Every structure is written in structure tokens, then in C-alpha cells.
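K.L.:
Starting from the structure of chain A, add chain B where the hints point.
This is what each chain is made of:
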Amino acid sequence: MTKNCMDDIKTIVREFLVRDFLVGADVQLADDTSFMQRHVLDSTGFIELISFVEERFGFSVSDAEMLPENFDSLANIEAYVRRKRG
Amino acid sequence: MSVPLTPEVLAIDAAAEAARIASGLRDAVVNLRRRGVVLGISGGVDSSVCLALAVRAFGAERVCALMMPETDSSEQSAVRAAEVAAQFGVTPILENIAPALDALGCYARRDRAIRDVVPDYTEGWRSKIAIAGGRDGTFNYFKLVVQSPDGTQTEHRLPHRTYLEIVAATNFKQRVRKIVEYHHADRLNYAVLGTPNRLEYDQGFFVKVGDGAADVKPIAHLYKRQVYALAACLDLPEAVRNAAPTTDTYSLAQGQDEFYFALPWQAMDLALWAANHQRPAAELAACLGLSHDRAEFVFRDIESKRRATAYLHAAARLMEPVPLAFG
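Chains as they are written, first to last, in the working numbering: chain A, 4 to 89; chain B, 83 to 409.
Looking at chain B on its own, in the form it has when it is part of the complex:
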């Protein structure tokens, strides 16, 4: 008889897992002939856990932690990131990426695209993108939420081209951060850590050649609940352990489930586990208190996102195989 579908299926021995990852991280970095690691820290639980694991693996002196705020970053994120770095004896390097983003036209291109939909949008306004639909059988679509300087919020369905323009502009943020990370990796002869959890990695919630680029991804096999279990085991600050996952990319606060996932992370964890273990939709529906139709939609959505984001994982296609001695 199979294990019933409850959050307990995701229970792990966090201390043993932390030791296993630290050991695996050392092996991976040595195998890459690097001497330490670089990672960006956002104050979120994923990058904080990775920082703690990296310090355990290499010692604080071989961990280069970068704080890379830009115009739309939350100040709370920076405070939490600095707190975690201090706890683990790492002095973070502050790299303000706003001037680089400005020079690339990140903000101007984004705002120009937004004005296709909201002509009055200018300085002093805030915005975010939210996922909509998916219920009652309708297709998923994206809406733009804008807030005028007087605090009035309005929502607008995004035409496909405008959605692509906005996302292409904001993707500069993840890509510029990766450029800065590799700059420090080159200078120090370090490897770059990527910090996606399993939900993000499996469902393609990352920017290609942005936060998706890395030499090692130490927690990509862990469901979000398991990352929080490691955070508790590694004694991370309460503020980090209680932080809700956000994108920290748009000027209005934006939860990950608002932008990308069909369900809040607690439920997505179980849905992904259930999908990976071929559990029926009826069992997921009962576990999460969803209708059967909704549970089936969630399974279809998981498959659909895997298919749609396969390109993000794909290495460059070659016209014929090219053998590499040390590939």
C-alpha cells in the first residue's frame, strides 16, 4: 500500500541532507577545478540556505556573497540578506546593478511596453504582472497590475506582444546579476552557485542565461518545504524562515504563485510530488481540498510548463556530435 499523500511525504532528515549536500558541493567544485563559490544573496530562503551550505562546505573565506539590488528591489530583502551573511561570517559585496540596467534601457523599455496598455504610466507609478485564468476551464493569461501615484490599482489583460516586451526587459535584471557573479568567479577562480529549488527548476521558473546559469545547483532536487526544513536545521534567522517566496523583480510586491505557479508553494510542492509519483488527481483533490477538475488542471499545468520551458534547460543544439575529452 502506498504512502498517503500528506505533507509528511516531503519529510527529510535535514541534518543528514545538509551534510550530504555540503559534501557533494565540495566534490563538484573540486571536480570543476575551482577554489570556492560565488552566489547572489537576496534574503530569500533559497539563497540563504545555499550560503549556509557553501560556508559549511568551504568555510566563510571561500564564499563570495553578492548583494545586487536595483531600483525595484525591496529594502527588507537587503536587510535579511545582510543578516544571513553576517551570521555565517561572510562579508557581502554590494553591487548596485541599477546604473547598468538603466544604461541597457531595462526600465525605459519596460515602461514603454506598459504604456501600450496604460498610456498614463510614468515615473511614480508601480506595476507587476500576475497570472490569471486557469479556473473554470479558461486559458492561463497574464494581466498587468498598475498602481498610480495616488494608490489606485487597475488591472489590464496583456496582449501577448506586450507581455513578451515587458518580460524581455525585466529579464535584464537576472542576466546582469549573472554577469556580475561570473566577473567575481573569474577574478577569484570560483564556481557560481545557482539557487533554484525543485519547483523552480522543474517548472522552468528562471531566466535562461540569467538565474538559470550556474556551475552547481545544490538545492535543485529539494521541494520548497524541504528547503525550509534545511533553513530551520541550519538555524537561519526567523525573518528568512518566515519569508514568503517573492520574485523581487517588479515595483509592486509580487508572490511567486501570483506570477507563475497555479497554487501557493505548500500546495505546489505536494502537487509536483504527486505528479512525480503518478498519484491520481482524486488523491490530490482530497489532499488539497480542490475539485477533481481543478486537480486535473494542476497536473496538466505542471506538464504544460515542463513542455513550454524545456527550451530554457536545453544546451545549444549542434549540427553533429562534437566529442569533448573532458565534457
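So here's chain A without its partners, still in its complex pose:
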């Protein structure tokens, strides 16, 4: 995967979070910002994020993969999506 594609993953997810969760609020999401620690997402928020990732990137997330290591920051999501796409 090229660097541009990886940037795209973070950009797409960041735009989703800003639009649907932060409702345009001025919160800076760095690549390694923890959504849990910053209270950007609660547990149902993560489920919404996972549904978004499944639909947007076209694969299923198994129950066992629903982990902070895969979803608790833009960098984690990018790495996870890259692994899933192989």
C-alpha cells in the first residue's frame, strides 16, 4: 500500500469522527490520540466506528478483533485496516 493510501485511511476516519462525533467541534485528533482517554468515543461509539470501518473499507471485523489495539487511535485503525487488506 502506498503512503497516500495510508494517509487516506486516517483522513477518512478523522473526517467521520469530526463529522459524526465531534459535530465540528475544534478538537485536534493526532494520529496517536486515544479516543477512550480523550472521551471522544464511549463503548457504543466504538461500535459505530467499527460499523463505519466495515462498511467503508469492505471487510468484516470479528468479535475478537474489537480491541483498543485496533481501534483506539487513527494510527491503530490505519495499521489494522492495512493488515486486514493484506
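Treat the hints as calculated values from the structure; they're not laboratory data.
Just so it is clear, the structure is predicted and the values come from calculations on it, not from any experiment.
Among the hints, erroneous ones may be present.
[As the list claims (entries may be wrong)] Partial list, computed: chain B residues near chain A (C-beta under 8 Å): (1) 219; (2) 220; (3) 221; (4) 239; (5) 242; (6) 390; (7) 393.
Glycine is no exception: its CB is placed at the ideal position from the N, C-alpha and C atoms.
P.N.:
Just chain B now, with coordinates in the frame of chain A:
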């Protein structure tokens, strides 16, 4: 040295507490300039204890008890509710809310959402929502459990939108019940009692403008174990004192811990008490026989539910303060 964390930390003088609540209830209702109370009775221990306390406070003639079954209600609940009402000399009013729910599309909207996940779901099937995950570090999520007419059960992880559609449809049940309660409160000039216990109140296990709406909440400060202690002191029927907490909302039987709480109520009581008294996770783990990680998860889950449900408690926000002479 602090008290060790055991169920004994929740011990109360039930007789004294019942007298204190009855007195407080009278004061609260008089202060609201109402002349008695209305409450829904489900046959569960919380509403049964509230009924007994209300009768102690006002006498049976000033207590309006409503039984409000709908299509998915358990028949056992109605039997227990009627038994408690009879014991305390109250003649309950039966309000079948199924036609109102049907007219609002409660069942049709719910079933349409379920068919997004289980296309064959139709009449004769049963369903419930259960909480899953939360162990091994995974996020909590909700699964739909369906049972076909031949008894086969299957489970399906719920996409977020479908979960919201199902919950929004079933929330009609608690909201319609509240409409009926306020109808009788208006007619009688009574106040409406809300019956949450401390676990439910603290953790936001209620529907906004549904069972969360009330004029007085007489047992919201009591842990579940303390409510059971009052039930014994008030001599409620054995069937009520032994009833496990259920939601009585879905067509398949559903325990509260299955739907919402991380642990069964006995353990949740202690976890919430420990959280409220700043006890360390290691002490909770030892008390409940949990791993340290699991105990830490439970504390995080308590905080997370408080944060997520703050909106349910919140009054309407105003754009500037509006002073009220009798607020």
C-alpha cells in the same frame, strides 16, 4: 483502618430506613402540593417495595397502582404484582398498553429493524438484546438473540444503527407507561413515583421521559441488596423477594445483567459501592473472585456508563438562566 469490602458494607437497619423513607415521601409529596401517589407495579422487587412504602406513607386509599402489561410482558409478573397490591389493600387499575403500542408502531418498527439482521424474523419468533464483549479487552457490544418458532436460538452481532432502531422502538413501552401514569396523576392530583434503585439510577438504566420521569424517586439511594432487605422487612411475598431482576421488555426472558450491567446485581452492588468509596481494584478483585484486569474493567465500565448516560439525567439546557420563584 477501613471496613473490609464484603456484602456487610451494605447492611442497613431496614425498619428504620422504611420509616425514614415513608416520612420523606410524605414531605416530598406535600411539598409538591399533591395528595397521594401513582406508580406502575411490575411484580418486581423495586416497584413492590415502593408500593409498600407508599401505603405506609399515605394509606392504601391514596395510592393508585397501575398494572400496564403489553404483548411481551410475562404473565408471572402480573400475578406477582396483583398479589403485592392485594397484600397492601390496594386495588390495582389494569391498563393494557398493547393497543397504544401497536398504534404507535412499536412492534412493527422493532420487527422491521430485526429483519435487517434476521430476514426470516416474523410472527411467532421471539427476541432479546444481550450485551457481549467486555472480556479479554474487547469493547462491549450488543447482540440480538432470536428464537424461531421451532425453538432454535441464534445470535447476531448488531450493527449500531440496527441496535438504535430496536431500542428506540422498545422505548415506546416505558414512555407509554409514563403517559398513563401522568394521566392518573392529573386526574387524582397525585404525584408520580419513579422506582429505580441505586444501580439503575447511577448507571443510567432507564428511558428518558419514560421510566426515568417521576416526581419522587424514593429508593434511588438504595443498593439492590438494601431494596431486598426492605422487601423482607416489609414482609413482601416470597415470590417477589426471590424474583431476579429482569427487563420484562423483550419477548425472550432477559436478565438485567444480560442486557446492561457488567456483573450480576450482587456483584454490581459491591462494585458500585467500592467505586463510590475509592476502593482499589485489587480489593474488588479479591472480594468478587475476579482477575485484577476484570476488576479494573468493571470500574472503568461504571465510569463509562455514568459518562454515556449523563444526558438521560440532564434537564433541558437553557440559553441563559431563567429564575423561577418556586423552582
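K.L.:
Out of the numbered hints, which ones does the structure contradict?
P.N.:
The structure breaks only hint 7.
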